[in-house]
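One-letter residues, chain by chain:
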Amino acid sequence: MAAELHVELVAADRQVWSGEATLVVARTTSGDIGVMPGHQPLLGVLESGPVMIRTTSAEAGTIVAAVHGGFVSFADNKLSLLAETVEMADEIDVQRAERALERAKSEADAAAERRADVRLRAVAAR
Amino acid sequence: MGAQLRVYKRRIRSVTATKKITKAMEMIAASRVVKAQRKVAASTPYATELTRAVTAVSTGANDKHPLTTEVENPTRAAVLLLTSDRGLAGAFNSNAIKSAEQLTEKLQAEGKQVDTYIVGRRGIAHYNFRERKIAGEWTGFTDEPSYADAKAVAGPLIEAIEKDTAEGGVDELHIVYTEFVSMMTQNAVESRLLPLSLDEVAEEAGTKDEIRPLYDFEPSGQDVLDALLPRYVESRIYNALLQSAASKHAATRRAMKSATDNAGELINNLSRLANAARQAEITQEISEIVGGASALADATAGSDK
Chain G
1 MAAELHVELV
11 AADRQVWSGE
21 ATLVVARTTS
31 GDIGVMPGHQ
41 PLLGVLESGP
51 VMIRTTSAEA
61 GTIVAAVHGG
71 FVSFADNKLS
81 LLAETVEMAD
91 EIDVQRAERA
101 LERAKSEADA
111 AAERRADVRL
121 RAVAAR
Chain U
1 MGAQLRVYKR
11 RIRSVTATKK
21 ITKAMEMIAA
31 SRVVKAQRKV
41 AASTPYATEL
51 TRAVTAVSTG
61 ANDKHPLTTE
71 VENPTRAAVL
81 LLTSDRGLAG
91 AFNSNAIKSA
101 EQLTEKLQAE
111 GKQVDTYIVG
121 RRGIAHYNFR
131 ERKIAGEWTG
141 FTDEPSYADA
151 KAVAGPLIEA
161 IEKDTAEGGV
171 DELHIVYTEF
181 VSMMTQNAVE
191 SRLLPLSLDE
201 VAEEAGTKDE
211 IRPLYDFEPS
221 GQDVLDALLP
231 RYVESRIYNA
241 LLQSAASKHA
251 ATRRAMKSAT
261 DNAGELINNL
271 SRLANAARQA
281 EITQEISEIV
291 GGASALADAT
301 AGSDK
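From first to last, the protein sequence lines stand for chains G and U. Sequential numbering from 1 applies to the first sequence in the numbering used here. Sequential numbering from 1 applies to the second sequence in the numbering used here.
Rather than coming from a laboratory, the hints here were simulated on the basis of the structure. Beta carbons are placed, not taken as given, at the ideal position from N, Cα and C, and that holds for glycine. Any given hint might turn out to be false.
Subject to a maximum C-alpha distance of 20 angstroms in a straight line, what follows is the list of computed SDA-like cross-link-like pairs (lysine to any residue) [unchecked claim]: (1) U:K151 with G:P37; (2) U:K35 with G:D13; (3) U:K151 with G:A112; (4) U:K151 with G:D109; (5) U:K133 with U:G169; (6) U:K35 with G:V16; (7) U:K19 with U:R254; (8) U:K151 with G:G69; (9) U:K151 with G:T85; (10) G:K78 with U:T44; (11) U:K151 with G:R14; (12) G:K78 with U:G169; (13) U:K151 with G:R115; (14) U:K151 with G:K78; (15) U:K257 with U:G90; (16) U:K35 with G:Q15; (17) U:K151 with G:R114; (18) U:K35 with G:R14; (19) G:K78 with U:F217; (20) G:K78 with U:T51; (21) U:K151 with G:A110; (22) G:K78 with U:T48; (23) G:K78 with U:L214; (24) G:K78 with U:K133; (25) U:K151 with G:E47; (26) U:K151 with G:S48; (27) U:K19 with G:D13.
Some chain G residues judged to face chain U by a derived CB distance under 8 angstroms, without partners named [stated by the list, open to error]: (28) V10; (29) R14; (30) V25; (31) T29; (32) P41; (33) L43; (34) G44; (35) L82; (36) E84.
Using the sequences and the accompanying hints, generate a full structural model.
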């Protein structure tokens, strides 16, 4: 069994990250799921939330990305995470996200509130 | 300066100004093609992965989904036509419109009622002028479409296909756009988005003969398909919008290049004519002077006697 799996993190308009990993944890609609090398072929619907990727390289370590909806598919030791919007946790501007969260709360904009919340959770999980 | 010469000079000046403008537009379009092409390339990984996933679910899951099964007697179809907001792009828009009209005729011959959805001011103007009904229209983003724009376009279409046909829904969804083949070649193409034809999808994903793994669906095949298909439609529309934008810029570039070439040729011809006119003027002046001098000489020679 291979000790690593290939991960492609893809947003609608760009490829966000790709590389080797030993463990990927993502939240599907029926709960958190961890995928390790050699997992059974899987196709699931993702919830908005942070996705954790434990990479094989020492300097990258564990990376976290905020995924806004989307899908996870795994086959032949290749895992693809697809979403309309994907942001790496270290790309997220915390202050901006916090401001956006407050604004969304005061305007009762559920979608914007969810987006800001996902970003903050991704930063917290880092 | 003679009147003739002045007219030529003025025309040369005006054509030179036009040439400068078309040259600038050509260069702008050329840089935009490259940008648009890059966007097409950037959106490809998402589209491929999504197509792969759709193939996997629809072949792996045995559930019948309304979006993947063909209705026995389709009575209504939606056609989405992608044109541009601005012209000056040669036959770009008229080719797309012609292709959409052919498709509409074909569908109507099959006894289907056609709803037309249009992106881009050019197509909308064409249909409005002929007082045809447009089911939905969008403008303002054809030069640089974003994914949000694709979502806005896909929304009503997905809604229409999910509705029952009796309540104004549609059974089929077709899209007409201009495929970007290369800088020199762009073709207006039509394709059926829904219901999915699995062979085509598999061919596109390059997985036709591949043995597909037996997937485990989370939460269930039906749910995955429910969530996947709208995204698939969005991503296909996004890709079509991007290709259409790239094609439009390429068509503009070509049109402006030939306009610049024509202007150059026109300037050459006009300066030849202007030269000839100037030469004619000089010749005339000389002959007038010579004629005048000899007349004067004759006159003085006569008076001497």
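Evaluation of the provided hints:
1. About 34 angstroms separates the Cα atoms of K151 of chain U and P37 of chain G, which puts this hinted pair outside 20 angstroms; it is violated.
2. Between K35 of chain U and D13 of chain G the CA atoms are separated by roughly 13 angstroms; this keeps the pair inside 20 angstroms, and the hint holds.
3. For the hint pairing K151 of chain U with A112 of chain G, the CA-to-CA distance comes to about 16 angstroms; that is within 20 angstroms, so the pair holds.
4. A threshold of 20 angstroms between alpha carbons decides the hint, and for K151 of chain U with D109 of chain G the separation of about 19 angstroms falls inside it, so the pair holds.
5. Restraint check for K133 of chain U and G169 of chain U: the C-alpha separation of about 16 angstroms stays at or below 20 angstroms, so the hint holds.
6. Among the hinted pairs, K35 of chain U with V16 of chain G is consistent with the structure: their alpha-carbon atoms are about 19 angstroms apart, no more than 20 angstroms.
7. At roughly 14 angstroms between alpha-carbon atoms, K19 of chain U and R254 of chain U fall within 20 angstroms of each other, so this suggested pair holds.
8. A C-alpha spacing of about 14 angstroms is found between K151 of chain U and G69 of chain G, which places the hinted pair at or below 20 angstroms, so the restraint holds.
9. Pair hint K151 of chain U plus T85 of chain G holds up; C-alpha atoms about 13 angstroms apart against a cutoff of 20 angstroms.
10. Of the supplied pair hints, the one linking K78 of chain G and T44 of chain U holds, its CA atoms being roughly 17 angstroms apart against a limit of 20 angstroms.
11. For the hint pairing K151 of chain U with R14 of chain G, the CA-to-CA distance comes to about 16 angstroms; that is within 20 angstroms, so the pair holds.
12. For the given pair, K78 of chain G sits about 39 angstroms from G169 of chain U by alpha-carbon distance, which is inconsistent with the 20 angstroms threshold.
13. For the proposed pair K151 of chain U and R115 of chain G, the alpha carbon gap of about 17 angstroms is at most 20 angstroms, so the pair holds.
14. For the given pair, K151 of chain U sits about 28 angstroms from K78 of chain G by alpha-carbon distance, which is inconsistent with the 20 angstroms threshold.
15. A distance of roughly 11 angstroms separates the Cα atoms of K257 of chain U and G90 of chain U; the hinted pair therefore holds under the 20 angstroms criterion.
16. Restraint check for K35 of chain U and Q15 of chain G: the C-alpha separation of about 16 angstroms stays at or below 20 angstroms, so the hint holds.
17. Restraint check: the Cα-Cα separation between K151 of chain U and R114 of chain G comes to about 19 angstroms, which is no more than 20 angstroms; the hinted pair holds.
18. Taking the CA atoms of K35 of chain U and R14 of chain G, the gap is near 14 angstroms; set against the 20 angstroms cutoff, the hint holds.
19. Of the pairs offered as hints, the one joining K78 of chain G and F217 of chain U holds, with about 16 angstroms between alpha carbons and a cut-off of 20 angstroms not exceeded.
20. Taking the CA atoms of K78 of chain G and T51 of chain U, the gap is about 15 angstroms. The hint holds against a cut of 20 angstroms.
21. At most 20 angstroms may separate the alpha-carbon atoms for a hinted pair to count; K151 of chain U and A110 of chain G meet this at roughly 18 angstroms.
22. A distance of roughly 14 angstroms separates the Cα atoms of K78 of chain G and T48 of chain U; the hinted pair therefore holds under the 20 angstroms criterion.
23. The straight-line distance between the Cα atoms of K78 of chain G and L214 of chain U is roughly 14 angstroms, inside the 20 angstroms bound, and the hint therefore holds.
24. A C-alpha spacing of about 47 angstroms is found between K78 of chain G and K133 of chain U, which places the hinted pair above 20 angstroms, so the restraint is violated.
25. Straight-line distance between C-alpha atoms of K151 of chain U and E47 of chain G comes to about 19 angstroms, which keeps the hinted pair within the 20 angstroms bound.
26. Note on K151 of chain U and S48 of chain G: the hinted pairing holds, with a Cα-Cα distance of about 18 angstroms set against a maximum of 20 angstroms.
27. Distance check on the hinted pair: K19 of chain U and D13 of chain G sit about 37 angstroms apart at the alpha-carbon level, beyond 20 angstroms; violated.
28. Because the beta carbon of V10 of chain G sits about 5 angstroms from the nearest beta carbon in chain U, less than 8 angstroms, this interface hint is met.
29. Evaluation of the R14 of chain G hint against chain U yields a held restraint, the C-beta minimum of about 5 angstroms falling below 8 angstroms.
30. For V25 of chain G, the suggested interface contact is broken, since its CB lies about 14 angstroms from the closest CB of chain U, more than 8 angstroms.
31. Satisfaction of the interface hint for T29 of chain G is found here, the shortest Cβ-Cβ separation to chain U being roughly 5 angstroms, below the 8 angstroms cut-off.
32. With a cut of 8 angstroms, the hint placing P41 of chain G at the interface with chain U holds, because the nearest CB-to-CB distance is about 4 angstroms.
33. Look at L43 of chain G: its Cβ gets to within about 5 angstroms of chain U, closer than 8 angstroms, so that hint holds up.
34. Interface restraint check: G44 of chain G against chain U, minimum CB-CB distance 3 angstroms, threshold 8 angstroms, status holds.
35. Residue-level restraint check for L82 of chain G holds (minimum Cβ-Cβ distance to chain U is 5 angstroms; threshold 8 angstroms).
36. Interface hint status for E84 of chain G: upheld, as the beta-carbon distance to the closest one in chain U is roughly 6 angstroms, under 8 angstroms.
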